[in-house]
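Q: Both chains are given apart, each in its own frame, so use the hints to dock them into the complex.
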Amino acid sequence: MAESPANPNGSPQPRDPREFVRDFTRYQRRLFLYVLSQVGNPVDAEEILQEANVVVWRKCDQFEPGTNFYAWACRIAGFEVMKFREKRRRDKLQFSDEFVSAIAAEEEDSAEHDEARRAALAACLGKLKSSDRELIQQRYAPGENGLSVADALGRPINSVYQSLGRIRKALLECINREMAAEFG
Amino acid sequence: MFDVATESELRRLLEKLCEERLDKDGLTRLEAIVLADHEARRYYRNYLQLHGSLHWDAAVNNASDSALTLPRIFAASRLEETSEPTLPAEREPVSPPSRRRLWSSVAAAAAVLLVVGLSVFLTRNRDDGTVEIVEKDPPERIVEERPDPVPRPPAPPLELDIDRRVAVDDPPTRPDPEVSPDAPEEGSTDEVIVAFIDRQLEAGYAGAEVEPSPRADDAEWVRRVYLDLAGHIPPPAAVEEFLADERPHARQRLVQKLLDEPAYPRHFASLWSNLLVGRRPPDDVDRDALQAYLREAFARNRPWSDVVTEIVAAEGAVDENGAANFLVAHVNAEAVPATAITAKLFLGVQVQCTQCHPHPFNDWKQDQFWELNAFFKQTELVERGGRTQLVSTNEGGPTFYDTRQGLKMVAYPRFEGRAVDPAAGTNRRLALAELLVEGDRPQLADAIVNRVWAHFLGRGFTTPVDDMGPHNPPTHPALLARLSREFVKSGYDLRRLVTWVTSSSAYQRTSRIGEGNEVDRPEIGEPPVFSRVYVRPMTPEQVYDSLVVATRGDAIDWDRTLTERDRWIQAFVTPNETDENDETLTLDGTIPQALALMNGELTSEGISLASGTELARIVAKRGSAVEKIRRAFVATLSREPTDREIAALRPRFRAGRGRTAEAESLRDLYWALLNSSEFALVH
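Sequence order for the protein chains is A and B. Heads up, the first sequence is in our numbering, so the first residue is 1 and it goes up one at a time. Heads up, the second sequence is in our numbering, so the first residue is 185 and it goes up one at a time.
Where hints are given, some of them may not hold.
Some chain B residues judged to face chain A by a derived CB distance under 7 Å, without partners named [as the list claims (entries may be wrong)]: (1) Leu201; (2) Glu215; (3) Glu223; (4) Leu232; (5) Gly236; (6) Gly391; (7) Thr583; (8) Pro657; (9) Thr659; (10) Ile830; (11) Arg834.
Across the chosen pairs, the derived CB separations fall in these ranges [unchecked claim]: (12) Glu223/B / Lys129/A: 28 to 34 Å; (13) Cys537/B / Glu173/A: 36 to 42 Å; (14) Gly700/B / Met179/A: 29 to 35 Å; (15) Ile697/B / Glu64/A: 56 to 62 Å; (16) Pro721/B / Thr67/A: 31 to 37 Å; (17) Ser131/A / Arg836/B: 33 to 39 Å; (18) Arg89/A / Val575/B: 16 to 22 Å; (19) Glu86/A / Ala216/B: 19 to 25 Å; (20) Arg705/B / Ser96/A: 23 to 29 Å; (21) Ala831/B / Glu173/A: 42 to 48 Å; (22) Ser131/A / Leu614/B: 52 to 58 Å.
For the record, the hints were derived by calculation from the structure and aren't laboratory data. These numbers were taken from a predicted model, which means no experiment stands behind them. Where a beta carbon is used, it is the ideal one built from N, C-alpha and C, also for glycine.
Looking at chain B on its own, in the form it has when it is part of the complex (with noise of 0.2 Å):
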């Protein structure tokens, strides 16, 4: 069916083919919706015709006079086509570059012919098949095979700004793109770096032409950032306390305030213990030691940049260093898989392809994925006393690897172009490390910035957020340019990039769609302008940890229930046992994980009426039944209900029925808020 919303996504997706941006997943889609349909094929024809015709007789006539409008430049190519053919050559004296190419082969074969008129005629040589054109006299051939080679057009001359970073043997220093005239050196207070997010964001909404969602009201802002920060929705009492609180800047003092509960670090911690390590590592990784290791470097606000150094250069047994567990976990296939998600994971590079060949849209050679991978050639795991060490032997000397052609290659450690001593001596990760963090806005601070504001705002500035490169430019270039210098000004502090996000403007607004920005849509694959938060679905572990907090109410064993969560999970996840050491996990807000909630034993546990749970405080209290309507969507949805939810629900709470049956009717209530999509989304 070729209906709105398939044509309004296949024009985004053309768009983005118009603009080389398509990557693969937009080309499948493309491809599916075009041949599912005739409607849809000529809509793609059209689209391209219109693309083509635009490039076609601009590109033609814009030789002659870049003055010249385009309806002007169509009234001229209609002429051409409808009198006797001219000559290309004397129509276009001086032409730039591509259509260049093109005509002037076309000419110098046409002009040929034509002035040789009458007098040359076409002959067939019989016996090999090639056709020459001959003149009868003097009998000498004029027309080669082949016109004679046109240059290449020289390469367009535009250039990204990430493709100056790569700068060879000086530190990575790159110039600000678009740096704002009005901002030049301002200082870097909070204050000022806010304004300037505010400053970036709403100029990109003036050039899409967007007005911005307003701001959420409190109970939609104070869910999403506990699910932000804590990892789980807040307790109802955080919820009436905060909307109690009218005092200004209240939302700032609650950022500050979770940044500084223990749920933080756990949360953070379990997140990049998962993109570490993933949901299931090998048997010989630790997995709680590492979580540990990590909960304590946030819970202590370490420098990110010392945490990352820790991990690359990690020594040590799996349980003593938890720092360790990163790389036990991939050092196996010669690294490979170590030196990928390295890159994936602190430089926001997708490499994994390198490892064979020369990466199709970003700047990675396979030289540089073997550059990387001989970081971690001195990387051994050692068993002792029945535990994994990680162990850097001595080893020096090259790498092999092999190119696609067969050649047998070698490749000496080197970072961003800078080369380390490949002897025995070189201690090569901790080399690496320092590579890493070197300059004053090297590419790990790009990553984790924009790991960052993803994480609040919904969307990184590149989509995917590990996938950043010339290929894949920032939506804000500027602005990630200034976050990633002030987050290493600041000493790669976490909490301060934290709280810059969370206090925009941006971070503020709801997360509904208002009528002046329904084109901000990035979920088909529009560009974000962020003009609203977007919305996600909870990971597996808010899933867990919110229905624990719904459920439970405030006295909760966090690290009971962690362990618990993290058994719960593990049976959702498969190991895929590829060169990428990753897993699959089915639980993702689709229906496996709808029906292991509605029919799992955590959900059934939770409402039950026995005493401890939230709802059996709920029923317990004292007051009408509207009242206690009010307490079930605030401890599970965080919102008052509203007006037509009451009048919907009141005749299954009618007074008289008794206390049991309100007590039923308190119970699949309860059930039904827990698995409504409004519960199990971020917004």
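In isolation and in its complexed conformation, chain A is listed as follows (with noise of 0.2 Å):
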């Protein structure tokens, strides 16, 4: 068991669980978006946050003050998805090594208009034919998805499934345009 000196490295500054907790909430977002763009699937994407919230949270001392505590996650979060990649390799498709090494090393530096984005969704959903927002809003209620919900409805799923298609492409097609507004 390690003693419990004020200071047992020596580093330079002292460590304040403030920052570390902050940085962490900062980025679950955007940790969970990374994850999700090489595995697909949110729920995966989630579980496979959870294994890398252990670890980060783990490995806290190992963080440099004041160096990207993003950069430094992602890495965790990569190797977190290696793990259940290894693990779900037989039962379950999924994308070749070669397309998650190329989509990861790609996300990790093309962050940076997450907000933005995100704003102009929201704008964008005040946008939508207010059926259009229910049926989005019932399809990502949690533990919901496009089959439940055309359960729920009564309608058939190949029209639902249709449904979802047009508005996230209106909602893709809007917020692109709410960018351009605000980027040039």
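A: So, in structure tokens, the structure goes:
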């Protein structure tokens, strides 16, 4: 068991745990998106993020304050993605290794407009027809998916898939317009 | 190049990814598009970011107030990131499944850390590199290496209708999904069933916001119905006769007439022979005997349940019992191919891979594969008098197989939860045949309904048509359910099933896409809504038979033609020699096929001006050049030429160039028409 001296490593700065917690909280969402882009499924991405969080937490003393928390956490999350993929290799359809590494490489340094895109999404949701907004809200309620929504509404699954695709397309185009207006 | 078409393809793939409907091919395609281009990667990223954001924000925030609208949720979550981190646990008193798991572990850790506040600091244990968070006073470990195990979220409560079907120990019954309230029990006349098809499809058009294509003109329709039922284009006389028929119900009457003609059993026997034993089966298979058996079965409209029973339970010599050839072809390799192909053809379920491991998407487990396989345990081939015989031994007991972990397992004959006495006295294949047709909606009925539907409309309720299951739900579950039950009620009457499908409004529509249904494009992965009939390439058999009709006219010796045809096609077939007993066909509407047609004997004989060909007859007929052009179009494309086509062709047929020049021009025209893609497609 380690002793508990005030500054065991003699590291130059005392580490402020509040700083760590702040970074930790702030980047949850971005890490989620980082993982999602490599596995494609939000529920899997949550599970991986959960595992990564445990590791981030355990290794928090290895983080150098003042360096890039997000990049550091991404490496941990990337490792968890690998572990997850290995575990599921046999029983789940998944992206190829080549694809995942290409996406991961690009993802880490392309997160700059995330916040703006998110704000744009909020605006665009407001512009949807109310029936469309309700549908997308139902679809993304926890534990739901296109199939369960179709079941609940008694609509043919096929038409629900089509509506969801159409609404997502509209949102994507709206976000791109908002972004173009803001950033030129 | 990331052009508009690629973008739209990628978007459709992503839509599927988001609803977990992407299959292996789709995934491969998605990867290829995304990796090929920077723009495509950006599109992928943005799409998933949208998907992820909707998931994340809705999941986090729905917790506290399910009435919140998403924009307000966003406002709330933006706040969270700019202000001091608050304890998520406070913000989220009750939370539903998945996000709760994540947050509660974060919350637990964060809460501990913040409550303890500054008296906590981080130390490194130099010995093993693990980290502990230690409180100074009293020195007590307060955070475990791993937060409390959080219970897994309950499995989502959704269930597919196909899941429910697998009733254990009872005959399979399944509730029909989406039973429309306006159609309780209204009888089972053809009219009622056809009206039900139309209503179900119309509901689908409304849901998909699609305006269906209009009714096809008679020329388009007559060609299609001939190709679908007779397996070849209509002879010119039949086209003229149908176009001249102005009485009501001409289309329904033509369907009934075609069902009575020998071409229908010939065509369907040929299709099913290909499915059952392939185009180039092993030498001991008597493909002709199988074909003769099937032709008789379709000609007499024997119940499908009987046909399947006879095939599955067949015994005897390959030439005496044609039905035996299916198992003769597939009983090799411990009947593994027989198991997989039986499931695929008769049940519409793909279980090949469950031989070794659980199916990644559908419900089949490895034991189910071997339980089905155990029904074929008594099946053996013996040589008697120089020909192969399919026999059943009296063997009983278990079948052994290995799991991926190397465990030896045993399986006893069992199908859909119902076991059969494994003792020596049981005829297992007969028992299987009985189980296959049990109940008011066995999977056997779903599978054939789906296949027949796809045969006429160009797409099934599932794609592929033989990959049904909870992982691949049908596009029109209620319609499939009703048709399946009605088919069983009718006594597995294939002609009635064909009548229902061909009488539907959908089958009357043109294959052309209109402005209102541009999105109905299953060929790029969209689920079909059947707002039009989907175009498909002819099979090699249809190409051959159609060439024969177009070039030889009416007097055709079909028995000889079939023998010649199957020999011609075999040249394009390579058996794969895999455990699946499948084969590769290099004739698929592609360049080799086109070359074979353009330069092949078949075409050159067909367009010779020697007597006996349809072309020679057209050339010899009296009449203007335009009239001859018209006849050439009707004989090949089953339609009149358009004014533009005539205008474009006329200069080559100027009067006064002499009969020989005219004949040569007609021959060129004929050749071009036979090689057009309009000729080689079913539309």
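Q: For every hint, state whether the structure bears it out.
A: How the hints compare with the structure:
Annotation: Leu201/B was flagged as interfacial toward chain A, and the flag holds, the nearest CB pair being 5 Å apart, inside 7 Å. The beta carbon of Glu215/B comes within 5 Å of a beta carbon in chain A, closer than 7 Å, and the hint placing it at the interface holds. Interface restraint check: Glu223/B against chain A, minimum CB-CB distance 12 Å, threshold 7 Å, status violated. A hinted interface residue such as Leu232/B counts as satisfied when its beta carbon comes closer than 7 Å to some beta carbon of chain A; here the least separation is about 5 Å, so the hint holds.
The criterion of a C-beta within 7 Å of any C-beta in chain A is met by Gly236/B, whose closest approach is roughly 4 Å, and the hint holds. Of the supplied interface hints, the one on Gly391/B holds, with its beta-carbon coming within about 3 Å of a beta-carbon of chain A, less than 7 Å. The closest approach between the C-beta of Thr583/B and any C-beta of chain A is roughly 23 Å, which is over the 7 Å cut-off, so the hint fails. A hinted interface residue such as Pro657/B counts as satisfied when its beta carbon comes closer than 7 Å to some beta carbon of chain A; here the least separation is about 6 Å, so the hint holds.
Proximity of Thr659/B to chain A holds as hinted, the smallest CB-CB distance being about 4 Å (cut-off 7 Å). For Ile830/B, the suggested interface contact is broken, since its CB lies about 42 Å from the closest CB of chain A, more than 7 Å. Nearest Cβ of chain A to the Cβ of Arg834/B: about 46 Å, over the 7 Å cut. The hint is violated. Roughly 29 Å separates the CB atoms of Glu223/B and Lys129/A, a value that falls within the hinted 28 to 34 Å.
The hint said 36 to 42 Å for the Cβ distance between Cys537/B and Glu173/A, and at roughly 39 Å that hint holds. Separated by about 32 Å at the C-beta atoms, Gly700/B and Met179/A satisfy the suggested range of 29 to 35 Å. Evaluation of the 56 to 62 Å hint for Ile697/B and Glu64/A yields a pass: the beta carbon distance comes to about 60 Å. For Pro721/B and Thr67/A, the hinted distance range of 31 to 37 Å is not satisfied, since their beta carbons lie about 59 Å from each other.
The supplied range of 33 to 39 Å is broken by Ser131/A and Arg836/B, whose beta-carbon atoms lie about 58 Å from each other. For Arg89/A and Val575/B, the hinted distance range of 16 to 22 Å is not satisfied, since their beta carbons lie about 43 Å from each other. Against the hinted window of 19 to 25 Å, the Cβ-Cβ separation of Glu86/A and Ala216/B comes to about 24 Å, which satisfies the hint. In this structure the hint that Arg705/B and Ser96/A lie 23 to 29 Å apart at CB holds, the actual value being about 27 Å.
Checked against the hint of 42 to 48 Å, the C-beta distance between Ala831/B and Glu173/A comes to roughly 43 Å, which is consistent with it. For Ser131/A paired with Leu614/B, a C-beta distance near 55 Å keeps the hint of 52 to 58 Å intact.
Violation of the numbered hints given earlier is confined to hints 3, 7, 10, 11, 16, 17, 18; the remaining hints are satisfied by the structure.
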